[in-house]
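Protein chains in written order, with my numbering: chain P, 1 to 270; chain B, 271 to 540; chain Z, 541 to 810; chain S, 811 to 1080.
It is worth saying that the hints were derived from the structure and are not from the lab. Even glycine gets a Cβ: it sits at the ideal position worked out from N, Cα and C. Hints may be right or wrong, so weigh each one.
[Stated by the list, open to error] Distance condition first, Cα-Cα at most 30 Å in a straight line; then the derived BS3-like pairs of lysine-lysine:
| id | chain 1 | residue 1 | chain 2 | residue 2 |
| --- | --- | --- | --- | --- |
| 1 | B | K327 | B | K442 |
| 2 | P | K172 | B | K326 |
| 3 | Z | K645 | B | K385 |
| 4 | Z | K660 | Z | K597 |
| 5 | Z | K596 | S | K867 |
[What the hints assert, rightly or not] If you want a taste of the chain Z side facing chain S, the calculated C-beta under 7 Å gives, among others:
| id | residue |
| --- | --- |
| 6 | D564 |
| 7 | T584 |
| 8 | D785 |
| 9 | I787 |
Number of protein chains: 4
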Amino acid sequence: METRTLQGWQTSISRVISDGDTEDTLIRGHSLNELIGNATFAETMFLLLNGKMPTKKQGVVLDALLVSCIEHGIAPPSLIPRLYASYGTGLQHGIAGGISAFGEKMGALGEKMAKLMIDKLGEAAAQDDETLLTIAQQTVAEIMGSGERVPGFGIPLHSRDPRADRVIEIAKENGVYGTYCRFAGYLSDAITDHRSGRPVPLNIDGVCACIALDLGFNWRTTQMFLLTSRSVSMGAHYLEELSQDTIWRHIPADQIDYSGAVAKNRETNT
Amino acid sequence: METRTLQGWQTSISRVISDGDTEDTLIRGHSLNELIGNATFAETMFLLLNGKMPTKKQGVVLDALLVSCIEHGIAPPSLIPRLYASYGTGLQHGIAGGISAFGEKMGALGEKMAKLMIDKLGEAAAQDDETLLTIAQQTVAEIMGSGERVPGFGIPLHSRDPRADRVIEIAKENGVYGTYCRFAGYLSDAITDHRSGRPVPLNIDGVCACIALDLGFNWRTTQMFLLTSRSVSMGAHYLEELSQDTIWRHIPADQIDYSGAVAKNRETNT
Amino acid sequence: METRTLQGWQTSISRVISDGDTEDTLIRGHSLNELIGNATFAETMFLLLNGKMPTKKQGVVLDALLVSCIEHGIAPPSLIPRLYASYGTGLQHGIAGGISAFGEKMGALGEKMAKLMIDKLGEAAAQDDETLLTIAQQTVAEIMGSGERVPGFGIPLHSRDPRADRVIEIAKENGVYGTYCRFAGYLSDAITDHRSGRPVPLNIDGVCACIALDLGFNWRTTQMFLLTSRSVSMGAHYLEELSQDTIWRHIPADQIDYSGAVAKNRETNT
Amino acid sequence: METRTLQGWQTSISRVISDGDTEDTLIRGHSLNELIGNATFAETMFLLLNGKMPTKKQGVVLDALLVSCIEHGIAPPSLIPRLYASYGTGLQHGIAGGISAFGEKMGALGEKMAKLMIDKLGEAAAQDDETLLTIAQQTVAEIMGSGERVPGFGIPLHSRDPRADRVIEIAKENGVYGTYCRFAGYLSDAITDHRSGRPVPLNIDGVCACIALDLGFNWRTTQMFLLTSRSVSMGAHYLEELSQDTIWRHIPADQIDYSGAVAKNRETNT
Chain P
1 METRTLQGWQ TSISRVISDG DTEDTLIRGH SLNELIGNAT FAETMFLLLN
51 GKMPTKKQGV VLDALLVSCI EHGIAPPSLI PRLYASYGTG LQHGIAGGIS
101 AFGEKMGALG EKMAKLMIDK LGEAAAQDDE TLLTIAQQTV AEIMGSGERV
151 PGFGIPLHSR DPRADRVIEI AKENGVYGTY CRFAGYLSDA ITDHRSGRPV
201 PLNIDGVCAC IALDLGFNWR TTQMFLLTSR SVSMGAHYLE ELSQDTIWRH
251 IPADQIDYSG AVAKNRETNT
Chain B
271 METRTLQGWQ TSISRVISDG DTEDTLIRGH SLNELIGNAT FAETMFLLLN
321 GKMPTKKQGV VLDALLVSCI EHGIAPPSLI PRLYASYGTG LQHGIAGGIS
371 AFGEKMGALG EKMAKLMIDK LGEAAAQDDE TLLTIAQQTV AEIMGSGERV
421 PGFGIPLHSR DPRADRVIEI AKENGVYGTY CRFAGYLSDA ITDHRSGRPV
471 PLNIDGVCAC IALDLGFNWR TTQMFLLTSR SVSMGAHYLE ELSQDTIWRH
521 IPADQIDYSG AVAKNRETNT
Chain Z
541 METRTLQGWQ TSISRVISDG DTEDTLIRGH SLNELIGNAT FAETMFLLLN
591 GKMPTKKQGV VLDALLVSCI EHGIAPPSLI PRLYASYGTG LQHGIAGGIS
641 AFGEKMGALG EKMAKLMIDK LGEAAAQDDE TLLTIAQQTV AEIMGSGERV
691 PGFGIPLHSR DPRADRVIEI AKENGVYGTY CRFAGYLSDA ITDHRSGRPV
741 PLNIDGVCAC IALDLGFNWR TTQMFLLTSR SVSMGAHYLE ELSQDTIWRH
791 IPADQIDYSG AVAKNRETNT
Chain S
811 METRTLQGWQ TSISRVISDG DTEDTLIRGH SLNELIGNAT FAETMFLLLN
861 GKMPTKKQGV VLDALLVSCI EHGIAPPSLI PRLYASYGTG LQHGIAGGIS
911 AFGEKMGALG EKMAKLMIDK LGEAAAQDDE TLLTIAQQTV AEIMGSGERV
961 PGFGIPLHSR DPRADRVIEI AKENGVYGTY CRFAGYLSDA ITDHRSGRPV
1011 PLNIDGVCAC IALDLGFNWR TTQMFLLTSR SVSMGAHYLE ELSQDTIWRH
1061 IPADQIDYSG AVAKNRETNT
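Just chain P, with the same shape it has in the complex (with noise of 0.2 Å):
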């Protein structure tokens, strides 16, 4: 286990240029100057993240997917923004307050997904139709059959994920409908199947999955489009919630039932 000290950085990401003549940065090759004004924050975005320019085709459906996560009333991750308001937190640390709070029951399933279909079809997967539907099939089989569920689908609070849906229809009229897409639309197909018909969508999770994937992000970057999209709609009721000048969100007494110890003396330690 060799540990590392705080010098010795090596990225590929960015330069920092600024030598009298030139003031700029350089991102993965571009100018940052050149590209203020000529790129859109999602194309920017998947430059940084992908290491390359999108085609104008990719950044659309870039931008689909980042508008999709934006805003989801206020569900937790905003929630607890807001909560923070109330607190008179600032609003840094709202935000990250909500971006920490994304763990195994929430969000992490995009990522869960996209490294399931990669572990299945490998990186820059092309395989055809049937072998995808056998693969889809086997996937199902294996994990509903030990009880559990396929990560990227299944929704609490609707019988579909509209957005999921848009995203998949964007990316199709953008030719970015590729092999994770499809194979996502087969592992549906066979849940469908295990569960005698009744489908269970695919969701906001399993869509920034397979578009990730199909547009050439490695797997681990998934969560990537949930978290900065996201952080609009957590700014957005953070600064509600000031404005309404709460205080102090919390539980009543009365709604809290306890269920411990009544009261004792106090014991003896020896």
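Could you slot chains B, Z and S onto chain P? The hints should help.
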């Protein structure tokens, strides 16, 4: 001090609709399903935080602002996520750590400048150049006269902040160069005069402030553009450090100068 | 504004010794190996934050203060970790979320009160009762006269804060009831007078402030006793929620009142 | 997957009593008012997390464990708060940043070791030495045979971890050296055998694990002793860095090796 419970939430940001017929989220009155594929991320961010859709030109300027903030080498907000990666902490916690690191000496000055401009000019300001010049000179005299710095100006590593210049240029091209941008220009001139001709350039925090106000955002929104955009850099650096598999980034013992008490026998505490 | 690199660290807190013969950490000149088993946690906390070992009596008072802050039902700082548990986020992130939630409207007032007392009385203050009384009356008149609250007084859910009373009692019994505690008493009297006989009790933030100062801590240390101690409650509540296996604690849609725009056709943005 | 709302909380940890007559908090059946001044912080922490008061000897051992974890130079968990201080971020956010930094490669191994011991021995284990020896040898063969490390052993900067040795010693003196501590000893022997006589010392994470279990805590509680205790170090280092008034701790540009693409003309994205 009337405190609030966890019930009773009011929002004008969005409404999740799930009534059998319709599955959608209404954002500021707009269908999310329709926004996906039709609006860019920057436009939808504008909608969420500003309450209405931007014009195309406003969207272009917001895109430019977001791109300008997206990456600046392994600057502290992206250094923190790299450290977290070397400790084996999850991506979302690394980004939260980077976002929460913004403080009085980093990132906060954009909001301070926006607040200052609102204090001096009011909201929806539309002063003429002569008035702006006068107020700018008074403001600089007041602040620098008491030994303080004017927020939004100055950058440690560059002689100018090329990002700020580019965004201002895009704002001019798109008709978003309004009263607050102009006021920032007069502040810059007044600072240069106060320092006998040595300029202090508008920085990225400053450009967030004046562009945000000229786009009609509340001054409290200023920091959002930096936070959301820079989260991409945080993620990119976290993922790169993770791929380098570094372990436990730390300060070597010999780089720490201990100036405390020398070894003493245990004091009797009585 | 001279910035600093990641090299060049100076500390008088501790020194890790590992030279073949000795493996130890010197804390403020004391051997950690010797402290283990000989000093209590409270005494060692005192040593770290105050620079010297406490007397036995000071240690007893610090223990009392820490115990008084350790748990207060599912108050917000422990609510946050419970939410995180229901989202499947790790224990350390749940606690970090709870600690970071402390803000201007929660927890911050202890430090404000300590700062106020230092501003009014100076450091290492030793004023007589008459002087303290006069300063307390002036301070209350000044603050409440301008419509503000005196920090460190008032608690939403109790008529008195019994914890504060008990800690003050222990401080008296152990000779730690010094100038700052006495001043807090005079502030309390002055507040009652100002409100025509209706008292506002000293709260847990307030007791942290006056005990910390009478124990010789710097006023900036005030919040530490709350943060460290309450982290235990945060952990206990996180772990209990985890054991209850709750999933995705959220606000039901029907408890959210949407006051925003009604559905509109997509505006043309031009 | 049944989700939960923000209503309906059950706890056996504590109950806040405020009924006019009594103002108190009942912690696991004990009056907080009585605990203040009568129980140490370590004893009360035991009560909260374990459900019952410790014996005096158990309290002494927990104190020793907490003291052993409290400070270890400017190690990463305390480095992070120092960085935050230099960015002007608040104390509570600095500590939250330090606590949230604990991950798979730092701090997590105590919990892993505790889980491993429960998996191998069961809860409330009382095996005899011969059985423990056999299980330890099997466990080490299994883990190290597959190229993994046994969690809870090994420390980068020391040849031994003197803190671990001292805590084990205190545990022996106080009758808390039980099955799990003995098992850790056999694991240590088996590791040494596996490495042909070269020992890997029990570390602070490991000692948290075996002491926690021998004190009767649930294995999931293991990390709490490190987190709560080390928060003191985090606060001390934050406050010291703040007092040094350092600004913007960063990596100098020349210490960053850019291995990315060289400048290129903007690609046409079509």
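Hints and how they fare:
The hinted pair formed by B/K327 and B/K442 meets the criterion: a straight-line CA distance of about 11 Å does not exceed 30 Å. Between the alpha carbons of P/K172 and B/K326 the distance comes to roughly 25 Å, so the proposed pair stays at or under 30 Å and holds. Distance hint between Z/K645 and B/K385 is fulfilled; the C-alpha atoms sit about 21 Å from each other, no more than 30 Å. Taking the CA atoms of Z/K660 and Z/K597, the gap is about 27 Å. The hint holds against a cut of 30 Å.
Simply put, Z/K596 and S/K867 have alpha-carbon atoms about 19 Å apart, close enough for the 30 Å limit, and the pair holds. The beta carbon of Z/D564 is positioned within 7 Å of a beta carbon in chain S (closest approach about 6 Å), and the interface hint is therefore held. Residue-level restraint check for Z/T584 holds (minimum Cβ-Cβ distance to chain S is 5 Å; threshold 7 Å). Because the closest C-beta pair between Z/D785 and chain S is about 10 Å apart, greater than 7 Å, the hint is violated.
For Z/I787, the interface hint holds, the least distance from its beta-carbon to any beta-carbon of chain S being 5 Å, beneath 7 Å.
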